[in-house]
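Visitor: Given chain V, put chain Z in place with the hints provided.
Number of protein chains: 2
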Amino acid sequence: MENIKTEHYDILFGQEAYGQLGTYLNNNGYSKLFILTDSNCYEHCLPYFLSNLPTEVPFEIIEVEPGEENKVLDTCAGVIQTMLELAGDRKSILITVGGGVITDMGGFIASVFMRGIDFINIPTSLLAMVDASVGGKTGVDLNGIKNCIGVFAMPKMLIIDVNYLETLEARQIKAGYAEMLKHGLIFDANYYNYLKDIANVDFGDLQALIHHSVVIKNTVVTQDPKEQGLRKILNFGHTVGHAVESYFLTNESKQTLLHGEAVALGMVVEAFISKELAQLYEQDYLNIKHAIQSIYGVVDLSEDDILNSLEWLKFDKKNYSGNIRCVLLNKIGESVYDIEVSKELIISGLNSYLN
Amino acid sequence: MENIKTEHYDILFGQEAYGQLGTYLNNNGYSKLFILTDSNCYEHCLPYFLSNLPTEVPFEIIEVEPGEENKVLDTCAGVIQTMLELAGDRKSILITVGGGVITDMGGFIASVFMRGIDFINIPTSLLAMVDASVGGKTGVDLNGIKNCIGVFAMPKMLIIDVNYLETLEARQIKAGYAEMLKHGLIFDANYYNYLKDIANVDFGDLQALIHHSVVIKNTVVTQDPKEQGLRKILNFGHTVGHAVESYFLTNESKQTLLHGEAVALGMVVEAFISKELAQLYEQDYLNIKHAIQSIYGVVDLSEDDILNSLEWLKFDKKNYSGNIRCVLLNKIGESVYDIEVSKELIISGLNSYLN
Chain V
1 MENIKTEHYD
11 ILFGQEAYGQ
21 LGTYLNNNGY
31 SKLFILTDSN
41 CYEHCLPYFL
51 SNLPTEVPFE
61 IIEVEPGEEN
71 KVLDTCAGVI
81 QTMLELAGDR
91 KSILITVGGG
101 VITDMGGFIA
111 SVFMRGIDFI
121 NIPTSLLAMV
131 DASVGGKTGV
141 DLNGIKNCIG
151 VFAMPKMLII
161 DVNYLETLEA
171 RQIKAGYAEM
181 LKHGLIFDAN
191 YYNYLKDIAN
201 VDFGDLQALI
211 HHSVVIKNTV
221 VTQDPKEQGL
231 RKILNFGHTV
241 GHAVESYFLT
251 NESKQTLLHG
261 EAVALGMVVE
271 AFISKELAQL
281 YEQDYLNIKH
291 AIQSIYGVVD
301 LSEDDILNSL
311 EWLKFDKKNY
321 SGNIRCVLLN
331 KIGESVYDIE
341 VSKELIISGL
351 NSYLN
Chain Z
1 MENIKTEHYD
11 ILFGQEAYGQ
21 LGTYLNNNGY
31 SKLFILTDSN
41 CYEHCLPYFL
51 SNLPTEVPFE
61 IIEVEPGEEN
71 KVLDTCAGVI
81 QTMLELAGDR
91 KSILITVGGG
101 VITDMGGFIA
111 SVFMRGIDFI
121 NIPTSLLAMV
131 DASVGGKTGV
141 DLNGIKNCIG
151 VFAMPKMLII
161 DVNYLETLEA
171 RQIKAGYAEM
181 LKHGLIFDAN
191 YYNYLKDIAN
201 VDFGDLQALI
211 HHSVVIKNTV
221 VTQDPKEQGL
231 RKILNFGHTV
241 GHAVESYFLT
251 NESKQTLLHG
261 EAVALGMVVE
271 AFISKELAQL
281 YEQDYLNIKH
291 AIQSIYGVVD
301 LSEDDILNSL
311 EWLKFDKKNY
321 SGNIRCVLLN
331 KIGESVYDIE
341 VSKELIISGL
351 NSYLN
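Heads up: the sequence lines are chains V and Z, in that order.
Residue numbering for the first sequence follows full-length UniProt numbering, starting at 1 and increasing by one per position.
Residue numbering for the second sequence follows full-length UniProt numbering, starting at 1 and increasing by one per position.
Wrong hints could be hidden among the right ones.
One copy or any two copies: either way a pair holds, since identical chains are not told apart in the list.
Only pairs whose alpha carbons sit at most 20 Å apart, straight line, appear in this in silico PhoX-like list of lysine-lysine [claimed, not checked]:
(1) Lys174 to Lys289
(2) Lys226 to Lys156
(3) Lys343 to Lys314
(4) Lys196 to Lys254
Read the hints as simulated data drawn from the structure, not as lab findings.
So here's chain V without its partners, still in its complex pose:
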């Protein structure tokens, strides 16, 4: 698989990438290597990673609890304190080995540790491979508000190795797949049309699909790294998705939704709004709804759940001047951004999603 050169770093594919990683580490005078991972990856991914790590740089492993509920400042403080106790300095480098929680949080920790050290991402979930670890968005949540604390910071290297996916649960694979569907919906109709019938997809060549998604994401990010404009399209499904995700995350009576599952729901609702406010054909909306619900089912939402979820919309990073702004589809494969949307229309979209 061909590697991808971004403006700031290389995205390397496959097991042969570790050789380059070792060379990079050995040649850049790092004093120490910190490997940040969670307890799941520690068990399932780290032995393979370490057996493939050809470096002379002394390393330490820092393990945190898994899950979105741990992607918070307190966890960062604990990791930073540990790095300080282990004599981390400004010539240290951090490698994240994990899913989106670890790559998001690890990138943030590296960016603020002693005002910034280098980092490298080794995503181990499908979602992190196709989305979270690419493009330099780092961050943590605050009181359930998603990624409201963070920085834009590019890794020095990114390795995508599908071997990590072998131990991943089907639910996690499906969650990552939602971001791939999103890439198709906003940017590449052929890609979406191939992916939407999941039964016909050739998972034997999942790496090629991941590669295609990364090319799309990188194309968008390169044009607008700090999300002043175009990059917002990567947030399709995320305005409503994040709101529902935050509500579920902070409500003890709810089983936490995976990010990709929330985005799948959000994409249906925002496709509904797209037929109202943008140029999406009703038939395309119905097809999107059918395709996504065939894969993800329907999340059970009471009227109260809907109203409570809407409370989280005010924290969306695309808002300005007090208004909610969505990414919408003009057609499958073509998106627009900064479209003002009313809460009423979002409620209609959620009701259409449920019925």
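Guide: Leaving out everything else, chain Z in the frame of chain V:
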């Protein structure tokens, strides 16, 4: 007083600067202005600031508790939550009105709020005017370890208005003065020689002295904004100073030292080491010790205090490969950096400081 243009922003002097601030705010499409201050400045500085603020941008004031002990992640989380509740968005701007604690922490909060918004510094203490607010270092402490979490981020504008100093206690003025002495010691012998006899200094033209210090700091920072090399000289006195400051900060039986007071102590100790490891004449060391102790007195340190303070040296950001590195003086006005120093020599320096 002539304004100073840095590579990224302007440093404006005097009361007439607020006109430019208002124009800047009105012309840059900000949705909301957050003013971060502490309860002391809220009382003494904010009425004057607000009466001079000619802007149409809607603003909110966020007040935190004063003091270094509040320059921590928890305070940042509280401020960020408040900004989110007050409908802060990516087009918001934050203005810090306060001393070094507020400018350090406010710059950090702005840099991580929704992955970064603009900020402007209005330093109200002498220390923040000559040092903390200039040069783009932002950050907070963790468990007493100074500024170990932060980013390099430049403000959009900086206003230095000596009117704020009128309500400042003498102890605070003296603390800021230590950083001015430092600027002389590392970079400008004439400046140091003028400042060292504080009885002869013309405080009627304090603004001119502040201006001179800012020119020195800016000259250094411009050559090395991210402290890869030269900028380290601004840390003269800070290796030992930060260690003692952290020990006092985290020890309930100690009255907290102001940052400038700790740096004054550190400069004497590091001048002692300079005569041992660099080319500083013994007589110059004795003169520096005499001058600084005439202004700041001698901080009382027991043998236990010394040993406990030394424990904090391992967290210094200039360390690498496990060794402590100091900025030393070859002579008054000329400094070198990255010099490896043993704990034994630091103990000797502290004992010389005490005797």
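Visitor: Each hint should be assessed against the structure and marked as holding or not.
Guide: Outcome of the hint check:
no.: 1; hint: Lys174 to Lys289; verdict: within (16 Å within a copy, 68 Å between copies)
no.: 2; hint: Lys226 to Lys156; verdict: both (17 Å within a copy, 17 Å between copies)
no.: 3; hint: Lys343 to Lys314; verdict: within (10 Å within a copy, 53 Å between copies)
no.: 4; hint: Lys196 to Lys254; verdict: neither (28 Å within a copy, 66 Å between copies)
Against the hints set out earlier in the document, a violation occurs for number 4 only.
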